[in-house]
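*Asks:* First to last, the sequence lines map onto chains Y and E.
Numbering-wise (the numbering used here), the first sequence opens with residue 3 and increments by one.
Numbering-wise (the numbering used here), the second sequence opens with residue 3 and increments by one.
The set of hints was computed from the structure by calculation and includes no laboratory data.
Wrong hints could be hidden among the right ones.
As the list claims (entries may be wrong) - With a cut-off of at most 27 Å between alpha-carbon atoms, the simulated DSS-like pairs for lysine-lysine come out as follows:
1) Y:K190 with E:K61
2) Y:K356 with Y:K432
3) Y:K148 with Y:K96
4) E:K61 with Y:K254
5) Y:K190 with E:K55
Unchecked claim - Far from chain E, some chain Y residues (derived; all Cβ distances over 12 Å):
6) E35
7) I72
8) A189
9) A251
10) P258
11) P429
12) H467
Beta carbons: idealized from backbone N, C-alpha and C, even for Gly.
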Amino acid sequence: MNDIFTLMKSELAVTAIIFLLLLIKIGKGVRNEALLPIIQVLLLINLISGFFFNKEGALFGDMFHTSTLIAFQKNILNLGVYLISLLFTDWLKKSQHMAEFFMLILSALLGMFFMISSGNLLIFFLSLELSTIPVAALANFDLEKKRSSEGAMKMILSSAFSSGILLFGISLMYGATGTISFAEIPAKLDGSSLQVLAFVFLFSAFAFKLSIVPFHLWTADVYEGSPIAVSSFLSVISKGSVAFIFISALYKVFQPMQAVWYNMLVILAVATMIIGNLFALRQQNIKRFLAFSSIAQVGFILVGMSSSDNTGVTAVTYFILIYVFSNLAAFGIASVISEHSGKENIDDYKGLYKTNPFLSWVLALALFSLAGVPPTAGFFGKLFLLTAGAAKGEYWFITIAALNMVISLYYYLRIVRAVFMDKNETPVDKIKLNDSVKLAFIICGAGIVLTGLFSWIFDFIQSLH
Amino acid sequence: MMEPGLYHILFISAALFFIGVYGFLTRRNLITMLMSIELILNSVNLNFIAFNKYLWPGKMDGLFFVVFIIAIAAAEAAVAIAIIINLYRSHHSIDVVNDEDLKY
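Can you make the complete structure from the sequences, with help from the hints?
*Replies:* And the structure:
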C-alpha cells in the first residue's frame, strides 16, 4: 500500500491537481486573475516535490514500473508544464476556460507519465491515448477561429489513424509472441517475418507521434492552427515524452531486433533532418517555422537514439531538458508578440531590437541554443547526441548530421538578423511584460546558459542508470 | 462444411484493415474517414480474438485488450465528432476539400 504512494507519487500529485481544479470549477467561479497564481504555485510545488523521494520499483504485476531516471524524465515534463503556465499568462487570462485548459493539459501530462512508466503494451496504448485525445481538444481551444478547428481536425484524425496502425502492430506482436508484457517480449523475439512486420507497424506509430519524416505532414498544420500555448505543449512536452518511451522501448524491449531498427533509425534520421531543414528554410509564419525546426530537432534526437547503449539515453534526456528551455522560450516570444500586436510573420520581427531589447536577447539566446552555437547549452546537447550516434562508427551518418546543423544555422540566424539588423518603419511596439512572463523568460535564459556550463547536470543524468 | 481456421480470420482482418486504410486516404467526408478508422480498429479486435482462440487459448490478454480498444474507440469518436461539429459551424461543410486554409 505504501508502495503506491511512493512509486506513483508524481501521477498522484497531478491527479490531485486535476481534481482540485475540477472542484474549483464546479464550485463558486473564481476569476482568472485569482486562479492563475494558485495553479502556478501548485505546479511549482509539483515540480519541486518531483525531485525528492524517488525510488525504483514496480507495481500491479509489472504493469507500472519506475526508476530514478524515469522520475527525472517525468520532472522534465513537469518543468515544461510549469513554464507554460508562466509564459502564456496573457493569453490564459483572456481565455474564458482557463481551468479547463489546465485540466486538459494535466490529463495529457498524466497520460505521458503513465506512458513513460508503462511495463505492458496495454498500459502503453491506454496512456498514449490519454496523452493525445486531450491535446486534440486543446488544439481546438480557440473555438471561434476557423484555423484552430481545422488544425484540431487534422490532429485527431491523424492520431486516431496512427493509433489504429499501432494497434494492428500490437495485435500481430501478440500473435507472434503470445505476450504483451515488456519484460517477456525480448525472450520471445526470434526475428521471424511476422515479428518484423509487427515491429514496423509499431515503429511507424511512434514515428507518427514524434513526427518523423514520412509521417510529419500533420505537424505544421496543427502547430499553425492551434493556440501557441498548445503548439508549444505539443512540440516540447508531448514530443519529449514519446521520445523517452521510444528510446526505452527500443533499448529494452526490442533489443534483440537491433539490426532491424538501427537501419530504420539511420534512414529516418537522415530524411527527417534534411526535409525538416529544407522546409524550415522557406517558412514565413513563425509558428510554421518552429514546427519544421522541431521536426529537424527530432532528426537529431534519432541520431542520438541510434547508439543503443546508455550514452544514448543520457544524451537524449539531456537534450530534451535543454530543448524544453530553448523551444519554450522561442514559443513564448512568439506568443507575447502575437498577443500584443497580432503579428506572426518573420518579417514583422524586423527591428524588434529597437523597441524590445529584452525580448530580442531572449529570442536570440533561444535560437542560438536551437541551432547549437557553442556558449549555449544547445551546442552541448547536440554534441552529446552526435557523440552517442558515432559510437557505431558510421561516420558518413554523423557527417550528414553535422552538415544539417550548418543548414539549420542559416535559418535560425535569418531571424536573429531580422531582429537585430534589419530596418523597419513600423516595428512592433514596446511591450510591457507581465512579471510572471518575465520570470519564465529569465528561467529559460538561465537554463539555456547554465545547463551547458554546469557539467554536473550531465553527470547527474548519467548516474541515474 | 469446412471449419474456418486462423488463416481465414487473419485474411478477413487484414482485408478489413486495408479497406479502412484505403477509405481513410481516399474519402473526402470527415464522418466517412472516422468510419474507416473504426474499420481499422475492428480489424485489430478480430486479430486479437483470433490469436487468443487459436494460438494462446490459455491467456486472457487479447480479450482484455479488445474491451479496452472498444472503450477507447468510443472516446476518440466522441472527441472527433465534437471537433467536426465545431468545424461545421465555421466552415459549413464537413468535406476535407474545403478545409485547406493551412497549407505549405
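*Asks:* Against this structure, judge whether each hint is valid.
*Replies:* Taking the hints in turn, this is what the structure says about them:
As the CA atoms of K190 of chain Y and K61 of chain E are separated by approximately 16 Å, the hinted pair is consistent with the 27 Å bound. Between K356 of chain Y and K432 of chain Y the alpha-carbon distance is near 9 Å, which keeps this suggested pair within the 27 Å criterion. At most 27 Å may separate the alpha-carbon atoms for a hinted pair to count; K148 of chain Y and K96 of chain Y meet this at roughly 19 Å. For the hint linking K61 of chain E to K254 of chain Y, the alpha-carbon distance of about 24 Å falls within 27 Å, and the restraint holds.
With a C-alpha separation of about 20 Å, the suggested pair K190 of chain Y and K55 of chain E falls inside the 27 Å cut-off, and the hint holds. At roughly 28 Å, the least C-beta separation between E35 of chain Y and chain E is larger than 12 Å, which holds for a residue marked as non-interface. With a least beta-carbon separation of about 23 Å from chain E, I72 of chain Y lies farther than 12 Å from that chain, consistent with its non-interface assignment. Look at A189 of chain Y: its CB is around 15 Å from the nearest CB on chain E, clear of 12 Å, so calling it non-interface holds up.
Annotated as non-interface, A251 of chain Y keeps its C-beta farther than 12 Å from every C-beta of chain E; the closest such distance is 17 Å. No Cβ of chain E comes within 12 Å of the Cβ of P258 of chain Y; the nearest lies about 20 Å off, and the non-interface call holds. The Cβ of P429 of chain Y lies farther than 12 Å from every Cβ of chain E, with a closest approach of about 28 Å, so its non-interface assignment holds. At the 12 Å boundary, the C-beta of H467 of chain Y stays outside the reach of chain E, the nearest C-beta of that chain being 30 Å off.
The structure agrees with every numbered hint stated previously.
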